[in-house]
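Participant: The lines below spell out each chain.
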Amino acid sequence: MVKHSAILTVILSLALSLSVHANVKVDQPAPDFELVNEAGNTVKLSDYQGKYVVLEWTNHLCPYVQKHYDSGNMPQLQSKYTQKDVIWLQVISSAEGKQGHVDAEKAMALNAERKASPTHILFDSEGEVGKLYRAKTTPHMYIINPEGDLKYAGAIDSIKSANPADIDKATNYLDVSLTSLMAGEEIENKLTAPYGCSVKYKS
Amino acid sequence: MRLAALLVFILSFIGVSNAFENTTATGPHIEVSLHSENQIWHPGSEQWIGILLAPEPEWHTYWQNPGDSGEAPSINWSSDANLGFGDIQWPIPKAIPVAHLVNYGYEGANLLMVPVQVPENLNQENITIEASLSWLVCKEDCIPGWADLKFTLPVSTQSQPSDSKRLFEEQRKTLPDAQLLNGKFEVTEQHITVEFEPPVSSNWTLFPLRSDVVQHNQPQQQVSDNKQVTSVIPVSDYFIANNDSLRFLISDGNTAYYLTANANAIGPVNSDDFNLWLLVAMAFVGGLILNIMPCVLPVLSFKALSLSDTHMSLTKKLGYLAGVLFSFNVFAAMIIAMKESGSAVGWGFHMQEPGVIVALSFLFVYITLSLLDIGPTGAKFSGIGQSLIKGDNFTSQFFTGVLAAVVASPCTAPFMAAALGIALLSDNFTAIVIFNALALGFALPMTLLMLSKFFRQWLPKPGEWMNQFKIFLTFPMLATVVWLVWVFLGQSNSSAQFALMIALLLFALLLWLASISKGIMQGLLQLSAVSFLVICVYLSTSVTPSASINDANQASYKQVYTTESLQSLRREDQVVLVNMTADWCITCKVNEQVAFADQEVQAALQSESVNYLVGDWTNKNGEILNFLQQYQRSGVPLYVIYAGDTYEKVLPQILTADMVIEAINQAKKEIDHG
Chain A
1 MVKHSAILTV ILSLALSLSV HANVKVDQPA PDFELVNEAG NTVKLSDYQG KYVVLEWTNH
61 LCPYVQKHYD SGNMPQLQSK YTQKDVIWLQ VISSAEGKQG HVDAEKAMAL NAERKASPTH
121 ILFDSEGEVG KLYRAKTTPH MYIINPEGDL KYAGAIDSIK SANPADIDKA TNYLDVSLTS
181 LMAGEEIENK LTAPYGCSVK YKS
Chain B
1 MRLAALLVFI LSFIGVSNAF ENTTATGPHI EVSLHSENQI WHPGSEQWIG ILLAPEPEWH
61 TYWQNPGDSG EAPSINWSSD ANLGFGDIQW PIPKAIPVAH LVNYGYEGAN LLMVPVQVPE
121 NLNQENITIE ASLSWLVCKE DCIPGWADLK FTLPVSTQSQ PSDSKRLFEE QRKTLPDAQL
181 LNGKFEVTEQ HITVEFEPPV SSNWTLFPLR SDVVQHNQPQ QQVSDNKQVT SVIPVSDYFI
241 ANNDSLRFLI SDGNTAYYLT ANANAIGPVN SDDFNLWLLV AMAFVGGLIL NIMPCVLPVL
301 SFKALSLSDT HMSLTKKLGY LAGVLFSFNV FAAMIIAMKE SGSAVGWGFH MQEPGVIVAL
361 SFLFVYITLS LLDIGPTGAK FSGIGQSLIK GDNFTSQFFT GVLAAVVASP CTAPFMAAAL
421 GIALLSDNFT AIVIFNALAL GFALPMTLLM LSKFFRQWLP KPGEWMNQFK IFLTFPMLAT
481 VVWLVWVFLG QSNSSAQFAL MIALLLFALL LWLASISKGI MQGLLQLSAV SFLVICVYLS
541 TSVTPSASIN DANQASYKQV YTTESLQSLR REDQVVLVNM TADWCITCKV NEQVAFADQE
601 VQAALQSESV NYLVGDWTNK NGEILNFLQQ YQRSGVPLYV IYAGDTYEKV LPQILTADMV
661 IEAINQAKKE IDHG
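Residue numbers (UniProt numbering), protein chains in the order written: chain A, 1 to 203; chain B, 1 to 674.
Looking at chain A on its own, in the form it has when it is part of the complex (with noise of 0.2 Å):
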């Protein structure tokens, strides 16, 4: 019985040194971070203090990634925000030789192919950023809020499908989030579970 508990207590220390990194909190200051963009530019997170900020974890071979640009949903939201003097991130965590991974020149075409907007596109194929902000999926979306506090972390919208029949039918969670947050009212559903591929890490 005691060499049993021993085994579970070892089970249990193991459990619990991998969940230690919760370090983001929807509500609690979003964890800086600096990463290189199309342009070969240092992008920080607190050069935009004072605005909000989307992060939006992407892969542009993952089919819920394509579920919401070749319907022209992403970047919608893209235009219609950074208008609205929104800085908007996109973050490519996929590393090299994994699905999605791309160059700044492969990035910048598809954009201008997809019509997308985004501020930066920022590179992390280290995947330090998106295990720092426990980016799961792609999507997976963040709202940041001028005092640089966390303020949405989960899905874009509410139906977990790759049909982009179901955008219409769905909640907007990005679009609802951030619209609440602007005209200075709380979010309705500040945590979702993000759906969509994995985040093609290196490891």
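Simulated from the structure, these hints should not be mistaken for laboratory data.
Nothing here was measured: the structure is a model prediction, and the numbers come from that model.
Don't take each hint at face value.
The calculated lysine to any residue pairs, modelled on SDA-like cross-linking and capped at a C-alpha distance of 20 Å, are [claimed, not checked]:
(1) A/131 with B/75
(2) A/169 with B/75
(3) A/202 with B/99
For chain A, the structure is supplied; the task is to place chain B on it using the hints.
Facilitator: Then chain B, alone, in the frame of chain A:
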């Protein structure tokens, strides 16, 4: 191995189905097909149809909860007949690790079966069934697919199996068991704890039906206690706690059961509510009984006969009641004042303390003796009733009530003593309520007699039966003594219990001797009885429980938590670990079975420099409530370690042996440095 065989078997079916219509479709890395167990259906039957998802090797499809990513297949059924389509019977899934995530699904082919109710009054020759299907097939990358599958089946008076029948038969073997289980769950800061009783013991993995309950990629810890299994799983970041029940599939890979877990009732059992009503009822009845005591009833009867209710105002009639209530409340206030000043200097009145149990057993022996007219009081005051009948204005009625309460005390003492005992053990509110119930019971008969002569005919006549009744009452009192002595055994050992019984016997003997003695001798004997009692209570405070009777839960290194004990230990610069637990708390039990059962932890807790205080929140307890509130908690478990007055640290709600030892060592260091 069985699975591989099944796989080969299933694969042989692909493309074989009847060429009714487009029953198959192909997507990248997957083939899907529509099947019916019977190729001819008859009205009024239950039929089975299914979609076979056959991905390429290494590719997988999903269970109803896909896990961290992915998507469950969905099927929309339609038909030209009025059919009732049931739910998909999901085969037992497996956890499929994909990079840093875990998905729940199926590697290899699986048939998603659905029962169909064919109506009795079906009036058509053929039935066409269409399935609008969408799926996601993944390796590390995922590819969604859609297909519309369709077939037409003839309707006849008799069903006839199709070529796919064996496919259905084989797949049925991989379905979860029909037996449904029930369990409880509890959510702490970072974990969800699920307790259930599986029909067989095995290594169970829990698959939640919702995707926002657990962190799918985290290991699940399992603790078994007899048949009960408790699983501790890191809770999902997306889990929003409410009182909804949660559904899981528990699986050991071969067998699986659906489990419905209800939120564990968080919070202590408020046993006070029930007990309070019971105590009030008992106190009220006790008050009524006082009226037929030999020193009260004769007087009451006499007064009743002499009463003339014609020209008495209602206020006057209620004067007696007011007087009784007043006296009892004064008495209650005195007791509360005594109790408060007592606890201010560190006396606690807890049933957990052997001293209190011993004192109560002496008290009840004394009550028994006085009911038998043995002892210092007895019914020597029978004549006191004279004052009860003088005057009939409010003041005199009021003081009549006071006098009845005070002067009748030789008779009422046994009951007053019992109420006093309860009041000392209860909170102040309960004490006041009990005394008022007693007072109302006591005052009721006389008040009724004053209000109306109608009640006078109900008044029993005094007589020898009163004495018989009084003697009868000694038996419940003795039963209480028996119970108390039994409780005492739980707190001590059999030799101490024997000593207590001998002490009670000698105490009774001394009181009896006192009752038949006179003058100084009587006083001396009474004094010795009292000092005897005091010595016994004093000695009992130092008894130690015997190891053979008490299990590990009452091991001597554990001390009962009190605010006072914590404060004094901290003032003495001690290391103190406080464990707030409760019988109904699943997480607490897991910690007690794992972290606290560890030998090193036990050794650390038993070492002289460490004090281990356990607060049991199974029942409501004001001191524990205060402690929890101090740490903004509404429930247990709560573990806090202290080093003297300056250092304190709250430990996580799920503990490991290492965490406890590390916390103790850290606290010891603080003491050394301080």
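Participant: Does the alpha-carbon distance linking residue 169 of chain A and residue 75 of chain B stay inside the 20 Å limit?
Facilitator: Roughly 18 Å separates the two Cα atoms, so the pair holds.
Participant: Holds or violated: residue 202 of chain A with residue 99 of chain B, Cα cutoff 20 Å?
Facilitator: holds (9 Å)
Participant: Quickly compare the C-alpha distance for residue 131 of chain A and residue 75 of chain B to 20 Å and report which way the hint goes.
Facilitator: Violated, at about 35 Å.
Checked against the numbered hints given earlier, the structure breaks only hint 1 and satisfies all the rest.
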